[in-house]
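Turn these sequences into a full structure, and let the hints steer you where they fit.
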Amino acid sequence: MANIDLSQWTESVPVQIAANQEQGFVDIIIGQDDIFMSINHANDLYKKLKEYFGETK
Numbered sequence: 001m002a003n004i005d006l007s008q009w010t011e012s013v014p015v016q017i018a019a020n021q022e023q024g025f026v027d028i029i030i031g032q033d034d035i036f037m038s039i040n041h042a043n044d045l046y047k048k049l050k051e052y053f054g055e056t057k
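Position 31, counted from 1, in the sequence shown is what full-length UniProt numbering calls 31; the numbers after and before it change by one each time, with no gaps.
Hints may contain errors.
Claimed, not checked - Computed Cβ-Cβ distance ranges for the label pairs, DEER-style:
(1) Thr10 x Leu49: 15 to 23 Å
(2) Ile28 x Glu55: 17 to 25 Å
(3) His41 x Leu6: 16 to 24 Å
(4) Glu55 x Val15: 15 to 23 Å
(5) Trp9 x His41: 17 to 25 Å
(6) Pro14 x Tyr46: 29 to 37 Å
It should be emphasised that the hints constitute simulated quantities derived from the structure, not laboratory data. Just so you know, these numbers come straight off a predicted model, no measurement behind them. The C-beta atom is built at its ideal place from N, Cα and C for all residues, glycine as well.
This is the structure:
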C-alpha cells in the first residue's frame with residue numbers, strides 16, 4: 001500500500017478518471033498520483049461521495 005501526500009491535492013491539480021470495463025478497473029489520476037480500484041469499489045466510493053456532497057453540476 002502506498003502513502004499519498006494529500007497536501008499536494010489543491011484545487012488547481014487536475015483530476016482524470018479512466019475506466020477499463022473489460023478488466024474491471026478504474027484509474028483515478030490526481031496530479032502525479034494514480035489510484036487503481038475495482039469498478040465496484042469506485043461505484044461504492046461514488047455513492048459515498050454523492051451522499052456526503054449531494055448532487056453537483
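Evaluation of the provided hints:
1. At about 18 Å, the beta-carbon gap between Thr10 and Leu49 stays in the expected band of 15 to 23 Å.
2. One distance hint, 17 to 25 Å for the beta-carbon pair Ile28 and Glu55, holds here, with the actual separation near 20 Å.
3. Separated by about 19 Å at the C-beta atoms, His41 and Leu6 satisfy the suggested range of 16 to 24 Å.
4. Distance hint check for Glu55 and Val15: the Cβ-Cβ separation is about 18 Å, which falls inside the suggested range of 15 to 23 Å.
5. For Trp9 paired with His41, a C-beta distance near 19 Å keeps the hint of 17 to 25 Å intact.
6. In this structure the hint that Pro14 and Tyr46 lie 29 to 37 Å apart at CB is violated, the actual value being about 19 Å.
In this structure, only the earlier hint numbered 6 is contradicted, and the remaining ones agree with it.
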